[in-house]
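Listed below, chain by chain, are the residues.
There are 2 protein chains.
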Amino acid sequence: MKYLANPRLSNFTHLQAMLIKPYPSWELPELPHATHTTAQEYAYERLRFAIMVGGVPPGAALTIRGVADALSLSSTPVRETLRRLCAEGALFSQSNRRIITPPMTTARHQELISTRVALEQLAVRRAARFITENDLEILTNIDLQMDQAIVQQNYIQLVILNQQFHSTLYALNPEQVCLPMIESVWLQLGPFNRLAAERAGQLTLEDQHKNLLTALRKRDTEAASQAVEADIRDAADQASAAQ
Amino acid sequence: MKYLANPRLSNFTHLQAMLIKPYPSWELPELPHATHTTAQEYAYERLRFAIMVGGVPPGAALTIRGVADALSLSSTPVRETLRRLCAEGALFSQSNRRIITPPMTTARHQELISTRVALEQLAVRRAARFITENDLEILTNIDLQMDQAIVQQNYIQLVILNQQFHSTLYALNPEQVCLPMIESVWLQLGPFNRLAAERAGQLTLEDQHKNLLTALRKRDTEAASQAVEADIRDAADQASAAQ
DNA sequence: TTCCAACCAATGTGATCACATTGTTGCTAA
DNA sequence: TTAGCAACAATGTGATCACATTGGTTGGAA
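In the order they appear, the protein sequences are chains A and B. Counting from 1, position 162 in the first sequence corresponds to residue 162 in my numbering; the numbering is continuous, with no gaps. Counting from 1, position 54 in the second sequence corresponds to residue 54 in my numbering; the numbering is continuous, with no gaps.
It is worth saying that the hints were derived from the structure and are not from the lab. Hints are not guaranteed to be accurate.
Taking lysine to any residue and the SDA-like style, the derived pairs with C-alpha atoms no more than 25 Å apart in a straight line are [stated by the list, open to error]: (1) K218/B x S114/A; (2) K218/A x S114/B; (3) K210/B x Q152/B; (4) K218/A x R125/A; (5) K210/A x D237/A; (6) K218/B x T168/B.
Please work from the sequences and hints to get the whole structure.
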């Protein structure tokens, strides 16, 4: 089940194929197959998720044939998936036409965190005025689920719920311009998050969500914006401390 | 030279094919063919440019076969190009698998402007510390060329130079995270810019570049950030006033 | 031993075709 | 007249193959 490039060519070690095969070791609910209308979408969801949770090591080279074989697809939908992920910043297309995951550096990490703060502060400011009591209830519910995931030390579930929390909030704005960009940043931060979760013992990033919810209930946009920044910086500090 | 969908299916009128054919009426230097190593890249550059300068009307449906015929290519590279542009926000993939240019609304325009301000302010702040005297000279030179383009009422050239000015500045930061996102916003603003240029008689957005250059020379990051915002808002106001 | 060129394997690219899906038209029957 | 269905046209999707490019290996000459 090899899907990375020939190691002789890419000089990177093989990756355990667990993220390309169905996700047994990740305790992940299999996505219902009916949601994937096309093979390309299926391949995209699989690869995107793998990258999002840091399942593909930085600098690894992906090959079209390799991924196609791993997913039992032909090369056409896989090629489109890889290009799409390149356009989203999740992968990087080298000049020699090889597609790799972006290398990981601290400078790049800082750049990504700054961008994430700028975009998410903007998003929360522009979404706050649309929020209803019902929305607050939904967000509170997600936050409670996150508490459970922390207790269970379920990292994958925590990452998913955290992103669900943020994107649910930002998506209250009917004109969605920055959410795709925020998701692009999340994708690029995937390897860093993974590193943080692997090396850090504790998972403690729920407090700022409580602050954020309090601010949103008071319709205090400024406090909400500050809580978003604090939440992001907390998570980033955790990743840095883990190194 | 039809490249839009069958009007019966898309209920949009045909577009003059001038932006898909070589750009005679746009007074554009033909891009040297050597720069396009692959057919996909060629198709991408062509379509991207057409969208960037507002050459494709909002809501128009593009078909794979249509674009492929117009560019004398097979469908494979065109399909990848269309998906890539969808991922960049320049196009929108409907649920019925039809690919259209995003519709134009004032709410969306405001959202794009806000995002542009947030991203470009961040970019200039993080690029300013890297600037050298040589860079300042290059930027001043581009600004002078813009003055010429304004005198010549050459809208296309002005758009290109304006983006060149901004991206040259932001690219001084070696870790490039937000420049692709900024370019995505530019792509999405293409139709609006076009509208502004068509309906507005005057082209007056160079003053803020002078302010920005002054601030950069003084290494005054805060003033530079404000000049960037003023520049963007000026251009946006022009587009709004044109409606 | 070192270097280079020829060769081979791995991989990306693009064209083409068959098929699935979607949209339109027009005819039939209530 | 109009709802509904059948036929057809337009388009998207995916598999496959030939070819180009790239990376690595090997063997011989300096």
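Status of the hints after comparison with the structure:
Of the supplied pair hints, the one linking K218/B and S114/A holds, its CA atoms being roughly 24 Å apart against a limit of 25 Å. Distance restraint check for K218/A and S114/B: the Cα-Cα separation of roughly 24 Å lies within the 25 Å cut-off, and the hinted pair is therefore satisfied. Restraint check for K210/B and Q152/B: the C-alpha separation of about 19 Å stays at or below 25 Å, so the hint holds. At roughly 14 Å between alpha-carbon atoms, K218/A and R125/A fall within 25 Å of each other, so this suggested pair holds.
A distance of roughly 19 Å separates the Cα atoms of K210/A and D237/A; the hinted pair therefore holds under the 25 Å criterion. Of the supplied pair hints, the one linking K218/B and T168/B holds, its CA atoms being roughly 18 Å apart against a limit of 25 Å.
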